[in-house]
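So the sequence lines, in the order shown, correspond to chains A and B.
Residue numbers for the first sequence follow our numbering, so the first one is 1 and each next one is one higher.
Residue numbers for the second sequence follow our numbering, so the first one is 1001 and each next one is one higher.
If you are wondering where the hints come from, they were derived from the structure by calculation, not from laboratory data.
Where a beta carbon is used, it is the ideal one built from N, C-alpha and C, also for glycine.
Certain hints may be false.
[Unchecked claim] Computed from the model, here is a short list of chain B residues facing chain A with C-beta under 7 Å: (1) 1041; (2) 1058; (3) 1059; (4) 1065; (5) 1066; (6) 1206; (7) 1208; (8) 1212.
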Amino acid sequence: MTYLTKSPWIVHYDCSSCNGCDIEVLAALTPVYDVERFGIINTGNPKHADIFLVTGSVNEQNKPVLKNIYEQIPEPKVVVAIGICATSGGIFRECYNVQGGIDKVIPVDVYVPGCAARPESIIDGVVTALGILAKKRQAMQEGGSTTPAKAGEGR
Amino acid sequence: MIPDLTVRVGAALLYIILAPLVGGLVVGIDRKVTARMQGRVGPPVLQPFYDVLKLFEKENLVVATAQNYYVLSYLVFMAVAGALFFSGGDMLLVIFAFTLSHIFLVLGAYNSFSPYSHIGAERELIQIIAYEPMIILTAVGMYMVTKTFYVGEIATSTIPIIMYLPGIFIGYLIVLTIKLRKSPFDLSTSHHAHQEIVKGVTTDFTGPNLAIIEISHWYEYVFLLGVVYLFFAFNPFIAIAAIIVAYFVEILIDNTTSRVKWQLTLRTAWIIAGTLCLVNLGVLYYLQGVLTL
Ligand code: SF4
């Protein structure tokens, strides 16, 4: 039994997204979807977060920022890539400065494709992430690290 | 009359065990009512407990190890302040322990390197400056009416304190907004999503440390509402009703105002609440002969 699934706190980072996905993430907080029903809180602080929501593709400028935020989140943690940009680079994939999806820099647990991803599928993605979070907590109790240290590095 | 030792120790122990439960429940109801005011369903009433239990399951990332001790001191002194209060101890000693516990929180926040944490700590200090005189004046006012600083005697006195101290009560409600970290005075940290300094004083506390801070808040809530009780101590039913109404008003203010700058916080606390308190005390002083207190 873990309480992680009853109170997942989220930190959201806009990694050069077009803002379409960000608006959908914020829409999930409005009275229509009201994710606080599930105890989900959008904290602005990675040190308080359990779930890392990333929108947009990663480029040279924000690569260190993305990594930094990821490392500041205490274990156990999960990463959810929101939108096709965060998943694979999307329409920005071919740009000279774009590296691709965020899994080039940090390990991703759940991909929520869509352009823009709908609030329903974002919530679904977060719920899927909760299951992974619970498993990671169990792995943590049994000892050992829960996340591959350098996933996707140098690809 | 001061109750005997066993009663006092019993009351202190009861407070230490029950206050986190009551405080957590108050916060849960607060979040539910807030959500309803915003047209949302809101989290379950037990959500604050889930949050704290979850935080204990998380990794404790500390920037400086001293943080752990500051956070622990915050909890211990907050619990001591409340325990002294509920065991009928000296009000001045209670206020002293209460202030000290906040100083530990500020020190803990200063212990990190995050600028957000530092701004939060500075604002927490400003808040302490803002509410401290009012809390002391509340004790002074109660002394003038009941001729004692002992909470046990104030709580059992039959004098309707509120009739003599309406100004001080309003002043206390104003600083209560600051103390409950509610808008418009949620400068140093806030329970809401709107936040321009990340999470202020609590920015650099993770997992278990954050949980301890949260539990300390619950202790604090119960203590602060206990002071509201004292104003109406002549009738427990009116007192409980007063606590509920006061808390509801705080939630309403929280949801209808936006955050102000620290200068305005200080001015409101000192000029408006301070004037109310001092005028109240002055009138009381001049009427002392007439009222035969
Ligand atoms: S997936 Fe579409 S909406 Fe989302 S950030 Fe990319 S381009 Fe914008």
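(message) Please list, smallest to largest, the hint numbers that this structure does not respect.
(response) The structure breaks hints 4, 5, 7 and 8; every other hint is satisfied.
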